[in-house]
Amino acid sequence: MTEKELQVKAKAEAPAKGERVRPGRVFLPAVDIFETPETLVLVADMPGVPADKVTVDLRDNHLIISGEVAPPLSQGETMVDQEYYTGDYIREFHLGSLINQGKIEALMKDGVLRLVLAKVERAKPRKIKVKTA
Amino acid sequence: MPIIFREPGLTQDPLRELLQRRMDRLFQGAFSPEGSPWQVGVYPLVNLSEDRDYIYVRAELPGVKAEDLEITIQDLSLILRGERKIASEEKQVNYQRRERESGFFRRVLALPSRVHPDKVEATCKNGVLTIKLAKPEEVKPRKIKVKVA
Numbered sequence: 001m002t003e004k005e006l007q008v009k010a011k012a013e014a015p016a017k018g019e020r021v022r023p024g025r026v027f028l029p030a031v032d033i034f035e036t037p038e039t040l041v042l043v044a045d046m047p048g049v050p051a052d053k054v055t056v057d058l059r060d061n062h063l064i065i066s067g068e069v070a071p072p073l074s075q076g077e078t079m080v081d082q083e084y085y086t087g088d089y090i091r092e093f094h095l096g097s098l099i100n101q102g103k104i105e106a107l108m109k110d111g112v113l114r115l116v117l118a119k120v121e122r123a124k125p126r127k128i129k130v131k132t133a
Numbered sequence: 001m002p003i004i005f006r007e008p009g010l011t012q013d014p015l016r017e018l019l020q021r022r023m024d025r026l027f028q029g030a031f032s033p034e035g036s037p038w039q040v041g042v043y044p045l046v047n048l049s050e051d052r053d054y055i056y057v058r059a060e061l062p063g064v065k066a067e068d069l070e071i072t073i074q075d076l077s078l079i080l081r082g083e084r085k086i087a088s089e090e091k092q093v094n095y096q097r098r099e100r101e102s103g104f105f106r107r108v109l110a111l112p113s114r115v116h117p118d119k120v121e122a123t124c125k126n127g128v129l130t131i132k133l134a135k136p137e138e139v140k141p142r143k144i145k146v147k148v149a
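Residue numbers (my numbering), protein chains in the order written: chain A, 1 to 133; chain B, 1 to 149.
Hints should not be assumed to be uniformly reliable.
Cross-link-like lysine-lysine pairs, in silico, DSSO-like; alpha carbons within 27 Å at most [what the hints assert, rightly or not]:
#  : chain 1 : residue 1 : chain 2 : residue 2
1  : B       : K125      : A       : K109
2  : B       : K65       : B       : K91
3  : A       : K127      : B       : K125
4  : A       : K103      : A       : K131
5  : A       : K9        : B       : K135
6  : B       : K125      : A       : K53
7  : A       : K53       : B       : K132
8  : A       : K53       : B       : K85
9  : A       : K129      : B       : K91
10 : A       : K9        : B       : K119
Some residues of chain B that are not near chain A, with every Cβ distance over 12 Å (derived) [said to hold, decoys possible]:
#  : residue
11 : R16
12 : R52
13 : E60
14 : I73
15 : R106
16 : V115
17 : H116
18 : G127
19 : E137
20 : E138
21 : A149
Note that these hints are calculated values from the structure, not bench results. As the structure is a prediction and not an experimental result, all values here were calculated from the model. Virtual Cβ for every residue (Gly too), placed ideally from N, Cα, C.
Full structure from sequences and hints, please.
Here it is in structure tokens:
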């Protein structure tokens with residue numbers, strides 16, 4: 001790996017959609033999405049979200065991932081200097097390939113969500129042999 | 001008196017410094033639509049908070065393992081170094097989006113007073129690093145009893 005210094009990137013706020021009842025900000029998590037021949041893998045950074053507060057919702061090929069964070073300060077704490085905001089995460093995707101609903105794996109570790117979605121048989125790539133006449 | 005963090009190399013007057021920061025932030029909020037917080041341009045961004053006995057330094061470091069973090073206290077500085085590693089996937093994968101970044105980081109924060117290096121706790125939970133520093137006795141708030149003459 002090349003030595004690269006990390007740069008500060010402001011968290012992008014999610015566009016308002018519907019009326020939220022939970023107070024606070026909502027952010028779009030940074031994601032990596034890649035395909036292997038059999039699966040579609042999505043990796044999302046959601047710092048501050050515990051595993052039990054992650055929701056993955058897949059309907060047809062519309063995927064919604066969301067996560068809730070706890071309040072940033074505990075009882076009796078006051079903010080002195082705030083450089084970043086905290087808030088929930090939500091992001092929606094329209095998946096290009098069909099997903100096998102029964103084969104979805106989700107793993108939350110150190111604030112990073114990893115979703116492995118198995119493609120259905122039909123969507124798997126097939127090499128087509130060209131015959132010579 | 002609240003604990004005030006000074007940026008290294010700047011004015012020696014913490015109160016003036018804090019006022020300046022607050023003013024800067026006020027103007028930043030007025031001109032940028034998203035009202036972004038104080039901009040330092042050094043990764044990671046940290047939030048500082050305090051309660052009666054402790055100072056808390058928090059940073060969002062998703063996917064950073066505890067063994068890749070190095071926290072040093074040197075005189076009045078808190079040095080935060082580390083590396084965010086993203087495991088490379090096998091060769092046959094094709095990316096649709098690649099927004100997550102890897103790399104190293106190093107940041108120094110100036111502490112307002114000496115802290116006991118053995119009274120510092122750092123925990124990494126759900127991708128958020130929390131460093132808990134014990135305040136020295138002399139900066140803790142103290143109630144003063146008014147004597148009746």
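Status of each hint after checking the structure:
The straight-line distance between the Cα atoms of K125 of chain B and K109 of chain A is roughly 9 Å, inside the 27 Å bound, and the hint therefore holds. For the given pair, K65 of chain B sits about 24 Å from K91 of chain B by alpha-carbon distance, which is consistent with the 27 Å threshold. For the hint pairing K127 of chain A with K125 of chain B, the CA-to-CA distance comes to about 45 Å; that exceeds 27 Å, so the pair is violated. Our distance criterion of 27 Å between C-alpha atoms is broken by K103 of chain A and K131 of chain A, whose separation comes to about 36 Å.
For the given pair, K9 of chain A sits about 31 Å from K135 of chain B by alpha-carbon distance, which is inconsistent with the 27 Å threshold. Only pairs whose Cα atoms come within 27 Å are accepted, and K125 of chain B paired with K53 of chain A is accepted, the gap being roughly 14 Å. For the hint pairing K53 of chain A with K132 of chain B, the CA-to-CA distance comes to about 25 Å; that is within 27 Å, so the pair holds. Restraint check for K53 of chain A and K85 of chain B: the C-alpha separation of about 25 Å stays at or below 27 Å, so the hint holds.
The straight-line distance between the Cα atoms of K129 of chain A and K91 of chain B is roughly 23 Å, inside the 27 Å bound, and the hint therefore holds. For the hint linking K9 of chain A to K119 of chain B, the alpha-carbon distance of about 32 Å lies beyond 27 Å, and the restraint is violated. Non-interface call for R16 of chain B relative to chain A: holds, since the shortest CB-CB distance, roughly 15 Å, exceeds 12 Å. Listed as a non-interface residue, R52 of chain B fails to keep its Cβ farther than 12 Å from every Cβ of chain A; the least gap is roughly 7 Å.
With a cut of 12 Å on Cβ distances, E60 of chain B falls inside the contact zone with chain A, its closest approach being about 4 Å. The claim that I73 of chain B lies off the interface holds: its Cβ sits roughly 18 Å from the closest Cβ of chain A, which is beyond the 12 Å cut-off. Non-interface status of R106 of chain B relative to chain A is broken: a Cβ of that chain comes within 12 Å, the nearest being about 8 Å off. Its beta-carbon lying about 15 Å from the closest one in chain A, V115 of chain B satisfies the requirement of being farther than 12 Å from that chain.
For H116 of chain B, the shortest C-beta to C-beta distance to chain A comes to about 20 Å, beyond the 12 Å cut-off, and the non-interface label holds. With a closest Cβ-Cβ approach of about 2 Å to chain A, G127 of chain B is found to fall inside the 12 Å limit, against its non-interface label. A cut-off of 12 Å between C-beta atoms confirms that E137 of chain B is not in contact with chain A; the least separation is 18 Å. At roughly 18 Å, the least C-beta separation between E138 of chain B and chain A is larger than 12 Å, which holds for a residue marked as non-interface.
Every beta carbon of chain A lies more than 12 Å from that of A149 of chain B, the smallest distance being close to 34 Å; the non-interface claim holds.
Hints 3, 4, 5, 10, 12, 13, 15, 18 from the earlier list are contradicted by this structure; the remaining hints agree with it.
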